[in-house]
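> Given these sequences and hints, build the entire structure.
From first to last, the protein sequence lines are chains S and W. Quick note: the first sequence, position 27, residue 27 per the numbering used here, numbers continuous. Add 1000 to the 1-based position in the second sequence for the numbering used here, that's all there is to it.
Some clues are possibly wrong.
What the hints assert, rightly or not - Heads up, simulated SDA-like pairs for lysine to any residue below, C-alpha to C-alpha not over 25 Å straight-line:
| # | chain 1 | residue 1 | chain 2 | residue 2 |
| --- | --- | --- | --- | --- |
| 1 | S | 358 | S | 56 |
| 2 | W | 1047 | S | 193 |
| 3 | W | 1059 | W | 1012 |
| 4 | S | 283 | W | 1043 |
| 5 | S | 388 | S | 378 |
| 6 | W | 1047 | S | 309 |
| 7 | W | 1055 | S | 358 |
| 8 | W | 1050 | W | 1005 |
| 9 | S | 265 | W | 1038 |
| 10 | W | 1055 | S | 202 |
| 11 | S | 358 | S | 250 |
To be verified - Taking CB as the label site, the calculated pair distances span:
| # | chain 1 | residue 1 | chain 2 | residue 2 | range |
| --- | --- | --- | --- | --- | --- |
| 12 | S | 177 | W | 1069 | 35 to 41 Å |
| 13 | W | 1011 | S | 89 | 20 to 26 Å |
| 14 | S | 376 | W | 1007 | 50 to 56 Å |
| 15 | S | 342 | W | 1011 | 38 to 44 Å |
| 16 | S | 42 | W | 1069 | 49 to 55 Å |
I should point out that these hints are in silico values taken from the structure, not numbers from a laboratory. It should be emphasised that the depicted structure is a prediction, and the values quoted were computed from it without experimental measurement. Even for Gly, the Cβ is constructed at its ideal location relative to N, Cα and C.
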Amino acid sequence: MQRVVVLGGGVGGTLTANLVARKLKKLIAAGEAQVTVVDATGAHAYQPGYMYIAMGNERAEKLVKPERSLLDRNIELVVDTVARIDTSVRSVTLGSGQTLGYEHLVIATGSRIVPEELPNFDAEAQHFYSAEAAARLRVALDAFTGGKIVIGIAGIPYKCPPAPLEVAFLVESELRERGLRDKTEITFLSPINRAFTIESVSDMATPIFEEKGIRLELLAGVGEIDAERKVVITDAFEEHPYDLLICVPPHRGAQVVVDSGLAPKSGWLPTDRHTLQVKTIAKPAPGQADEDIPRYPNVYALGDATDLPLSKAGSTAHFEAPIVAERVAAAVEGREPEGKEASYTGKVMCFFEVGDGKGTLLQFDYEHPPKPPKPNAFWHLGKIVFNKTYWHTVPKGRV
Amino acid sequence: MTETALPPITLTIDARGSFCPGPLMELIRGMKESEVGDVIAVLSTDKGSKTDIPKWVGKAGHTLIGVFTRDGFDEIVVEKVR
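Below, the structure written as structure tokens:
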């Protein structure tokens, strides 16, 4: 029996499991292979929708479905947390104490927000990285009657890199419509030396900040929040007073991969950029080339869980899943991975809202940076249609 | 500053292989965990580090001790002063 265990029921875990089950249908029917997904909640959330809750266009109950309903019926779903991964004996210990043995392991445990790592974050900052937080931000925006809005980022990497820029643009549009723009000063704090990590996207976005009259501060990562004075202090010790603070919380990978000795303290799994196999150490030793670091032959990571220099976004997981599925299926069937799904090229594709009913598209891979088209209504509608059809397409491998 | 006059390095952050803004973010993290007077060296293969890190160091009011080209990477040395 070849046992494939997938940890995590997000985009990456769900799609990988479905694709593996499809490829191994006959072996599963013959009792020679088994696919199991372990998920902590048994509920699959469409996280890109949270931003729209904050903007008043989405409801939380529409953004969650039972994980079981998205999985191929030949996949076993175990609703439990993961306490330990032991690669030496190829087993996973669950929170309940149950142990699952595996021949092939897929780690899709995602990222998590750790607002507690920044003092005063919870009390002072609004964000949109959970349905509840996004709903609170909506209430705060409804109550806002003018003043200083500061939008910042407390640490890189974080989920959905364009999201804070999108929120800045959407909030600015909303305030203009509500007649509050003249009474409001908006400041965007970018932690790096440009508006966005990818240069071409930064070049596209920077003029939009100017057009909208949003002050763009560079090298201004959120370092501290002074709750008493209502001031953000950046990593470079500059102060920005706020009446409403919207801030991306710090992020980390899953604690279990750190506790299991597979990832450093940050929790991002060292991952091969093409095969998506987990590396046995995070960094090469002096004189050692990266390609000489041994990879676990049967342990893969995808989505937010990896340390790859790519967007932490559902789209990344979406385009990585076919590679992991092909490599796992090939290993089960005792063959070499085949075709364009044998190796990941770094493909990512995502929409980018700029407000006023316009959007653009970011499509790129390791070799080709994005060339975003001029923002227009088409790509805004593209994002809306994608959001509405997600449940029927992405997790089931239909796109 | 010449290489022979370099003060002793308190912490070396090996950010080689990390892309923009990884080396800068790792330096900021390292600075937070260091003491005033510590000297921190960042090793980076990312071309942007040579410009971005000195800019941030200037903005934050720390001291840039030097940017040195090594074999296949840059070493940027910074003193924490606040």
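> Please go over all the hints and tell whether each is borne out by the structure.
Right, here's what the structure says about each hint:
At most 25 Å may separate the alpha-carbon atoms for a hinted pair to count; residue 358/S and residue 56/S meet this at roughly 17 Å. A distance of roughly 13 Å separates the Cα atoms of residue 1047/W and residue 193/S; the hinted pair therefore holds under the 25 Å criterion. As the CA atoms of residue 1059/W and residue 1012/W are separated by approximately 21 Å, the hinted pair is consistent with the 25 Å bound. Straight-line distance between C-alpha atoms of residue 283/S and residue 1043/W comes to about 13 Å, which keeps the hinted pair within the 25 Å bound.
At most 25 Å may separate the alpha-carbon atoms for a hinted pair to count; residue 388/S and residue 378/S meet this at roughly 15 Å. Between residue 1047/W and residue 309/S the CA atoms are separated by roughly 15 Å; this keeps the pair inside 25 Å, and the hint holds. Using a Cα cut-off of 25 Å, the hinted pair residue 1055/W and residue 358/S is violated, with the two alpha carbons roughly 34 Å apart. At roughly 20 Å between alpha-carbon atoms, residue 1050/W and residue 1005/W fall within 25 Å of each other, so this suggested pair holds.
Between residue 265/S and residue 1038/W, the direct Cα distance comes to roughly 23 Å. Compliance with the 25 Å bound is thereby established for this hinted pair. Taking the CA atoms of residue 1055/W and residue 202/S, the gap is near 18 Å; set against the 25 Å cutoff, the hint holds. Taken as a hint, the residue 358/S and residue 250/S pair is broken in the structure, with Cα atoms around 29 Å apart against an allowance of 25 Å. Between residue 177/S and residue 1069/W the C-beta distance comes to about 52 Å, which lies outside the given range of 35 to 41 Å.
Against the hinted window of 20 to 26 Å, the Cβ-Cβ separation of residue 1011/W and residue 89/S comes to about 37 Å, which falls outside the hint. Taking the beta carbon of each, residue 376/S and residue 1007/W are about 55 Å apart, inside 50 to 56 Å as hinted. Look at residue 342/S against residue 1011/W: about 41 Å separates their beta carbons, and that is inside 38 to 44 Å. Distance hint for residue 42/S and residue 1069/W: a CB-CB separation of about 54 Å, consistent with the stated range 49 to 55 Å.
Consistency note: the structure conflicts with the earlier hints numbered 7, 11, 12, 13.
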